[in-house]
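Enquirer: Construct the entire structure; sequences and hints are all you get.
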Amino acid sequence: MTSHLLSVDSLSRERVEHLLRVARRVEPIAQRRQITRVLEGAVLGNLFFEASTRTRVSFNAAFCRLGGSVCDTTGFTFSSMAKGESLYDTSRVMSGYVDAIVMRHPEQGSVSEFAQATNVPVINGGDGPGEHPSQALLDLYTIDKEFSRLGKSLAGAHLLLTGDLKFGRTVHSLIKLLSLFDPMHITLVSPPGLEMPDHLIDLVVSRGHRIEQRQSLASDFRDLDVIYTTRIQKERFTEEMSENFTGVSREFIVDRAFMNRHCAQDTIVMHPLPRDSRPEANDLDPDLNGDPRLAIFRQTDNGIPIRMAIFATLLGVEELIERDRRDVRWFVPEKIGVDDADC
Amino acid sequence: MTSHLLSVDSLSRERVEHLLRVARRVEPIAQRRQITRVLEGAVLGNLFFEASTRTRVSFNAAFCRLGGSVCDTTGFTFSSMAKGESLYDTSRVMSGYVDAIVMRHPEQGSVSEFAQATNVPVINGGDGPGEHPSQALLDLYTIDKEFSRLGKSLAGAHLLLTGDLKFGRTVHSLIKLLSLFDPMHITLVSPPGLEMPDHLIDLVVSRGHRIEQRQSLASDFRDLDVIYTTRIQKERFTEEMSENFTGVSREFIVDRAFMNRHCAQDTIVMHPLPRDSRPEANDLDPDLNGDPRLAIFRQTDNGIPIRMAIFATLLGVEELIERDRRDVRWFVPEKIGVDDADC
Amino acid sequence: MTSHLLSVDSLSRERVEHLLRVARRVEPIAQRRQITRVLEGAVLGNLFFEASTRTRVSFNAAFCRLGGSVCDTTGFTFSSMAKGESLYDTSRVMSGYVDAIVMRHPEQGSVSEFAQATNVPVINGGDGPGEHPSQALLDLYTIDKEFSRLGKSLAGAHLLLTGDLKFGRTVHSLIKLLSLFDPMHITLVSPPGLEMPDHLIDLVVSRGHRIEQRQSLASDFRDLDVIYTTRIQKERFTEEMSENFTGVSREFIVDRAFMNRHCAQDTIVMHPLPRDSRPEANDLDPDLNGDPRLAIFRQTDNGIPIRMAIFATLLGVEELIERDRRDVRWFVPEKIGVDDADC
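Residue numbers (the numbering used here), protein chains in the order written: chain A, 1 to 343; chain B, 1 to 343; chain C, 1 to 343.
Fair warning: there could be bad hints in the mix.
When the alpha-carbon atoms are kept at most 20 Å apart in a straight line, the in silico SDA-like pairs for lysine to any residue are as follows [to be verified]:
{"#": "1", "chain 1": "C", "residue 1": "K83", "chain 2": "A", "residue 2": "E239"}
{"#": "2", "chain 1": "A", "residue 1": "K83", "chain 2": "B", "residue 2": "S249"}
{"#": "3", "chain 1": "C", "residue 1": "K83", "chain 2": "A", "residue 2": "F237"}
{"#": "4", "chain 1": "A", "residue 1": "K234", "chain 2": "C", "residue 2": "K83"}
These are calculated hints, taken from the structure and not from any lab test.
Expert: Rendered as structure tokens:
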């Protein structure tokens, strides 16, 4: 039976834990200390019907790191679809060419429809307001990896999710994944009108977690383990919302001052990126750049091992990687970014 | 002497038969049971000045399956050409970078002009209303392979070509290729105004084949071996034709009812794809999906072995593939499409 | 310490000579007589925010020839940047995915800003009116290689630079590189208003070279060793200049007649390409095609060994290539272009 990766809803705790385990095992390759060629000869179809350079390059690089080749398709139009071709036909045709397919599409549900026609593994790279499961997995992997390093565990942790909790699909998928694990304490803070949907809160509570909703970041917090911030997704607002939206007030900003007031030395700050660095955006503040608590670039780096794990498990090569690896011979900087902290 | 693949007109029966033979030999690789690396280190320039995701990905994947790397160029503009660069210069420059070139271009004759400047093999991936020889070869390969499976032979076969026979360049190229072989019986049916051009009919008849023209599919047929359907190429209509065109009437549709009335259990249905699945298009009907006679996805799958054969012969490595192959280690589904028939 | 390649200003004569040496060593691979796999497993991020098919394919192919994989990004928009992402964030994120980055961008200074955030090697592939150092290096490499073949040396050579010397950034970078070497004689000829900027002339003179400025090509020249012609960069003109520009008069054209009047049998003609072959453009004349003195295609071919040398030195694998090479097994034409001269 073929597996796809279409939604976090279909993931069991066991499958998630297996993915995280494989991701840990491929870290030396993701970090360019070793190479593997287990997928030599395989071809990935990387179909991006919506622009997302970051996600596209991450999937592309992850497949290359496993030894495979990638064929990218980008742009808002797909020539055959413009001629009336069904998703069914497109899916079956592409499946004859490649060994795995990543698809990003502006319409919710389109990736699932595409996957229904094929036995070649399909990975949802984001379907509009719908799902983006690899992002949720890399977020969870980041929390798990950072907690490992800090000697913490998920059980009983206190996480703050803030920003646009209504349209931010990454926080929706992340909270579903977190809910599979032992009880934790999750605080939600968002500007008025951008609250987390009730059905998600109900789901998480029903699984034994404690959810707390606050009106502002200008309040008292117990020490936080994780702060997960998100960009305001103005492009998904209704027309009415856009007209009435006057921006995010300063009281929702996570910056160095907030961190010093509410957080410990081992609180980590996450963000799915891109963050809006224009001053009026009041997104996660760049004044935290270089602070070891800022985990956003370690988080994006984790896209590589997680996506390698996704490919390796869907294509059934995760056990082969142990035996097929050798050392990298080219120059790799000790720190990727000039401001990367030691941690 | 360098060879290009610019037109089916330049192909002898011997060269065609050699290509089909090589395609058969690379099937285990095309079907992902084995890999080869004979073209490791080689680079393909895949130049698409006109959008065609399907064809581009097929050439790309075929080159990768031989072990090579691919550099894609897509989009309607080519930056240097916009600055007044000649095709001669573009061709010579690209030839210094890559080992083979696939070119698709909206203007008829442009690919041949491009090829005149270079000794690097150039493959015509479609030049507007002109040629698309790899499509004709994969069509012929499909007929040959299906006939093999069914214990039939080309000699004496009855083929029905239907749809837009005036602008459908794939049927023009296919009928030329077929005409190189032993006499067969070819029936042509198209909506008024979209008939096969006379010079092609004359050519085929002059080579000993029997051509029959009918007004509609609502007539009597002897058992057919192959039904080759095509999409109406409205984008190539003259302005006058577009104004007068009121759509294709139902009497030109190939669907399950037609198949049951006129065809045997071993008649195959082909289509160059994309097919227009919008109900008003009256293209090949999706009600045949899952029917083993529907060969359209086996046909598109055949693009990989045929294009591998084209690359392998132009680059002179077809004999090396036998010795340079090993088994695939990743998961490959038994059937590519969920509706693929056993056959 | 990480090195980038951002500008020719940062290059010492020693580093330039090392690059040329490595380029010579990789020639058998660049010319497709051998392959190497030293960068197998490495991934290049080829980020083109401005269209330049020629440069993009050249970098792509050079990285592939070293055994690496390439992930291209093309187009004028970058989806994350449109959402307010800083160059700092984009740089750090991409650096987590790939092992080297080539970036082309329409804004001067953007590539340097991008490079400041990362320890992954960044190569400037052209930043608007700014720098394009790999072009200058391949130009210098061409002169050096042609002089080697002809038994000439740089010291004391007579070079003519002509065309748009004001906006042609390639001549700016080239003249800076040349100025690092022993004294030579450089003649400058450009249409009125398109003269070489004074600060560059001052720099070159201060390093001991002789600069001569002429009004027209219709004058007396001593035998020239190199003629470097350039296209008029109308796209960089100010509005006022565009309005007043009436085209280049015939007296600035380098063609066969000019060559026969002023040049020896061993004078070489260069051009950074693309050249504008429309008759009214009065760019380098196609009547020289096939003339062995026309070095423009040997020059563009040299983009591969130079870019291989750039990658190999930045990634520290230049010493490994000697031991990691094997013969090419596919067909390679003796001459790349149909008109290539024996030389």
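Enquirer: So, for every hint listed, does it hold in this structure?
Expert: Structure-based check of all given hints:
At roughly 19 Å between alpha-carbon atoms, K83 (chain C) and E239 (chain A) fall within 20 Å of each other, so this suggested pair holds. With a CA separation close to 19 Å, the supplied pair K83 (chain A) and S249 (chain B) stays within the 20 Å bound. Using a Cα cut-off of 20 Å, the hinted pair K83 (chain C) and F237 (chain A) holds, with the two alpha carbons roughly 15 Å apart. For the given pair, K234 (chain A) sits about 10 Å from K83 (chain C) by alpha-carbon distance, which is consistent with the 20 Å threshold.
In summary, the structure agrees with every hint in the numbered list given earlier.
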